[in-house]
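Using the numbering used here, read the sequence shown as starting at 1 and increasing by one per residue.
Quick caveat, the hints were computed from the structure, so don't treat them as lab data. Where hints are given, some of them may not hold.
[To be verified] Simulated DEER-style distance windows between Cβ atoms: (1) 90 x 34: 26 to 34 angstroms; (2) 148 x 39: 17 to 25 angstroms; (3) 41 x 90: 15 to 23 angstroms; (4) 43 x 70: 31 to 39 angstroms; (5) 145 x 19: 18 to 26 angstroms.
[To be verified] In silico lysine-lysine, DSS-like type, Cα no more than 30 angstroms apart, as pairs: (6) 34 x 132; (7) 45 x 142; (8) 34 x 142; (9) 132 x 142; (10) 45 x 34.
Glycine included, every Cβ here is placed at the ideal spot set by N, Cα and C.
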Amino acid sequence: MSNQSEMIQQAIPISRQDLPELQFVGMIVNVSFKHGDFSRIGEVKEAFMRRRAEIQNVIDPDYFYAPWYSCEVMFTYFYCMQVSSLTHVPEGMMGFSVAAHTYLRAEYDGVSPWEPDPYGELHRYRAEHGLKEHTNAMVIEKYAFANEGREGRITIDIFGPIE
Numbered sequence: 001m002s003n004q005s006e007m008i009q010q011a012i013p014i015s016r017q018d019l020p021e022l023q024f025v026g027m028i029v030n031v032s033f034k035h036g037d038f039s040r041i042g043e044v045k046e047a048f049m050r051r052r053a054e055i056q057n058v059i060d061p062d063y064f065y066a067p068w069y070s071c072e073v074m075f076t077y078f079y080c081m082q083v084s085s086l087t088h089v090p091e092g093m094m095g096f097s098v099a100a101h102t103y104l105r106a107e108y109d110g111v112s113p114w115e116p117d118p119y120g121e122l123h124r125y126r127a128e129h130g131l132k133e134h135t136n137a138m139v140i141e142k143y144a145f146a147n148e149g150r151e152g153r154i155t156i157d158i159f160g161p162i163e
């Protein structure tokens, strides 16, 4: 068992990271868990990919982000770019800030669907280290545009907020 646990930790490195306040501009999708139209997630992502060049003040054009939060009824998911200023928000997009927080960062590069599940590994890590999830803060997913379109593979950094 310990060899398997060590192998998982190597497959999904987890580290603690303090992030400053982050500013984003992008597109939003809300989906209810019960009777929700989950196809809207892909539609919003496609629209974001078509319109991302409209976003000004981009910090790193090689990456996009998907901050999200959920409750028992629905979840809210964003496709966006990190920006240095919220002075220009294109029509139909939203600009917002995410407060500074301490996060656990899980780095996953593997098969899709995930194996092992990086969210499960974040949960396990928190439990093993006596950490609590910051339930009022947003989870942030970070993707490289260069890794988009790889059939059956995903590369993602997941920042799970902790208290």
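Here is what the structure says about each hint:
Against the hinted window of 26 to 34 angstroms, the Cβ-Cβ separation of residue 90 and residue 34 comes to about 32 angstroms, which satisfies the hint. Between residue 148 and residue 39 the C-beta distance comes to about 19 angstroms, which sits within the given range of 17 to 25 angstroms. A beta carbon spacing of about 20 angstroms between residue 41 and residue 90 agrees with the range 15 to 23 angstroms that was offered as a hint. Hint check: residue 43 to residue 70, Cβ distance near 19 angstroms, so the stated range 31 to 39 angstroms is violated.
Between residue 145 and residue 19 the C-beta distance comes to about 21 angstroms, which sits within the given range of 18 to 26 angstroms. With a CA separation close to 27 angstroms, the supplied pair residue 34 and residue 132 stays within the 30 angstroms bound. A threshold of 30 angstroms between alpha carbons decides the hint, and for residue 45 with residue 142 the separation of about 14 angstroms falls inside it, so the pair holds. Taking the CA atoms of residue 34 and residue 142, the gap is about 27 angstroms. The hint holds against a cut of 30 angstroms.
Restraint check for residue 132 and residue 142: satisfied, since their Cα atoms lie roughly 22 angstroms apart, inside the 30 angstroms limit. Annotation: proposed proximity of residue 45 to residue 34 holds, straight-line Cα distance about 21 angstroms (limit 30 angstroms).
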